[in-house]
Amino acid sequence: MAETLFYFLIYPGLLFAGVVGGLLSWFDRKITAQVQFRKGPPLLQPFYDFLKLLLVKETLLPARGARMTFLIAPVLGLFGATAAAAFILLPLFNIHIGFEGDVMVIFYLLTIPSLTYILGALASGNPLASVGASREIKLIVSYELTFLLFFAAIILKADQAMRMSEIIQMQAQASPFIGSISGVLLLIVGVFCIQAKLGMVPFDIAEAETELSEGSFIEYSGTVYALVQFTKYIMLFILPALIVAFLMSGFHLEGIGILWAVLKVLAVVLLLTLIRNTNPRLRIKQAMRFFLIGMNALVIIAIVLTYLGL
Amino acid sequence: MGLKSFCLKKSLWVFHLAGASCNNCDIEILDVLTPRYDVERFGIKLVGSPRHADVILVSGSINQRDKPRLLEVYNQASKPVYVVAFGACGITGGIFAEGNTFAGPVDQIIPVDAYIPGCPPKPEAMISGLSKLMQTI
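As you go down the protein sequences, you meet chains A and B in turn.
As numbered in the working numbering, residues 1 to 310 make up the first sequence, in order.
As numbered in the working numbering, residues 311 to 447 make up the second sequence, in order.
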């Protein structure tokens, strides 16, 4: 029991994922700054931001709106992200505890943070937040089918293996999935899906700083906003880790393998950052068309290619 | 210096409130985010909601219509929040000080922690002002 709690709350779970995600968030901001020929923030900037929000700032509640739901939503989101982090990172770090679950559990858990953002935004009683929430719902409707098909294609490539550890092992024995044509197509689809899940720039439609002034999060302040930030840090680590596990044969944490593991995650985050810096924000209609037509076609082609053994 | 004030000092999020300004100050504020001055080095970034703000940067003169809005933004911000009066109009009213709609300089409406004079202030002046504000935290 104590060991399981340790796994969930400290080592691959909450704390570890949050700290690594914070460092990745710094990496993202630093690369953005470099792209724009700026110097960028210091290494510990994400932690200064988090601690400031957690310890210093006052938490305000909206005058009109469901206060309890408003406060509980980010906590639920953090729970969802922590559970997803544990189920993704435990097989990646080769730790085996009783319940492993198959990849569909991960799929559902990864949806929880987005759903709680919607819940919190609608509970805040702010008109801009509800516009943000409705956009977030539309975004989920558009990318979730593609993300599900992406999981299906991975399962198909792994000979119907549903467990994360089996998928990783299969790639370790044969070759990583990214070495085939369908693997490359799946990488493109997967990267765009996690871009939308993270709410990064072409798909930051829900929080659109310039038009909705942070949209879904407009009413959050202080400690509750710190929890939202922490959830985002965790998601920024576990979603690239998911891509690494599914397509790049996961981590092998011994000797030089540690360096490779770090480089793989950094490569995926770099890809996300470069997409974010070279694209303007899409309208919700364009985002829906992009996923429902473009990305779905691509993932179906990948599934057909997998059947043909390519 | 404790952990709390250190973290606050290292990550000042700025909410920009433009009163009846001529827009020149607003352009100079965007200047300090550009590659040449880059205040993200100090952890400063612009935020869109007063709920997230640590610093309210008020530029332009405050007239009768702006006054209730300035008060509302100040009350909506989560405390501790610092107010910076920016430019000649924010500090004294500038050339609008004798106008009939003028509602008083910023420091007569809400408490002001730092003043950055100029018309418009140079980006260097703004960085200097913000660093002096950081020293008081």
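By construction, these hints were calculated from the structure, which means they are not laboratory data.
It is possible that part of the hints are untrue.
Derived DSSO-like pairs: lysine-lysine, alpha-carbon spacing no greater than 27 Å straight-line [claimed, not checked]: (1) Lys389(B) <-> Lys377(B); (2) Lys377(B) <-> Lys355(B); (3) Lys39(A) <-> Lys432(B); (4) Lys319(B) <-> Lys389(B); (5) Lys442(B) <-> Lys355(B); (6) Lys389(B) <-> Lys442(B); (7) Lys30(A) <-> Lys355(B); (8) Lys432(B) <-> Lys442(B); (9) Lys39(A) <-> Lys319(B); (10) Lys30(A) <-> Lys377(B); (11) Lys377(B) <-> Lys285(A); (12) Lys39(A) <-> Lys377(B); (13) Lys314(B) <-> Lys432(B); (14) Lys432(B) <-> Lys319(B); (15) Lys39(A) <-> Lys442(B); (16) Lys355(B) <-> Lys432(B); (17) Lys432(B) <-> Lys285(A); (18) Lys319(B) <-> Lys442(B); (19) Lys442(B) <-> Lys30(A); (20) Lys389(B) <-> Lys355(B); (21) Lys442(B) <-> Lys314(B); (22) Lys319(B) <-> Lys30(A); (23) Lys355(B) <-> Lys314(B); (24) Lys319(B) <-> Lys355(B).
Quick one, are Lys389(B) and Lys377(B) close enough, alpha carbons at most 27 Å? 20 Å, holds
Does the structure keep Lys442(B) and Lys314(B) at a Cα separation of 27 Å or less? Roughly 18 Å separates the two Cα atoms, so the pair holds.
Holds or violated: Lys355(B) to Lys432(B), with C-alpha atoms at most 27 Å apart: It holds: about 18 Å lies between the C-alpha atoms, which stays within 27 Å.
Would you check the hint for Lys39(A) and Lys432(B), treating anything up to 27 Å between C-alpha atoms as holding? Distance of about 20 Å is within 27 Å: holds.
Given the hint that Lys314(B) pairs with Lys432(B), test it: the Cα-Cα distance must not exceed 27 Å. Violated, at roughly 31 Å.
Hinted pair, alpha-carbon criterion (27 Å max): Lys319(B), Lys30(A). Please report holds or violated. Within the cut-off at roughly 20 Å; holds.
Take the C-alpha atoms of Lys377(B) and Lys285(A), compute the straight-line distance between them, and say whether it is at most 27 Å. Status violated; Cα separation ~39 Å.
Straight-line alpha-carbon gap Lys319(B) to Lys355(B), limit 27 Å: 13 Å, holds
Please verify whether Lys389(B) and Lys355(B) have alpha carbons no more than 27 Å apart. Holds, because 18 Å separates the two Cα atoms, which is no more than 27 Å.
Would the hint linking Lys355(B) and Lys314(B) be met if the CA-CA limit is 27 Å? 19 Å, holds
Against the 27 Å threshold, does the CA-CA distance of Lys319(B) and Lys442(B) hold or violate the hint? Holds - the C-alpha atoms of Lys442(B) and Lys319(B) are around 11 Å apart, at most 27 Å.
Taken at face value, is the distance from the CA of Lys442(B) to the CA of Lys389(B) at most 27 Å? Measuring from Cα to Cα gives roughly 20 Å; hence the hint holds.
Hints 10, 11, 12, 13, 17, counting from the list given before, are not met by this structure.
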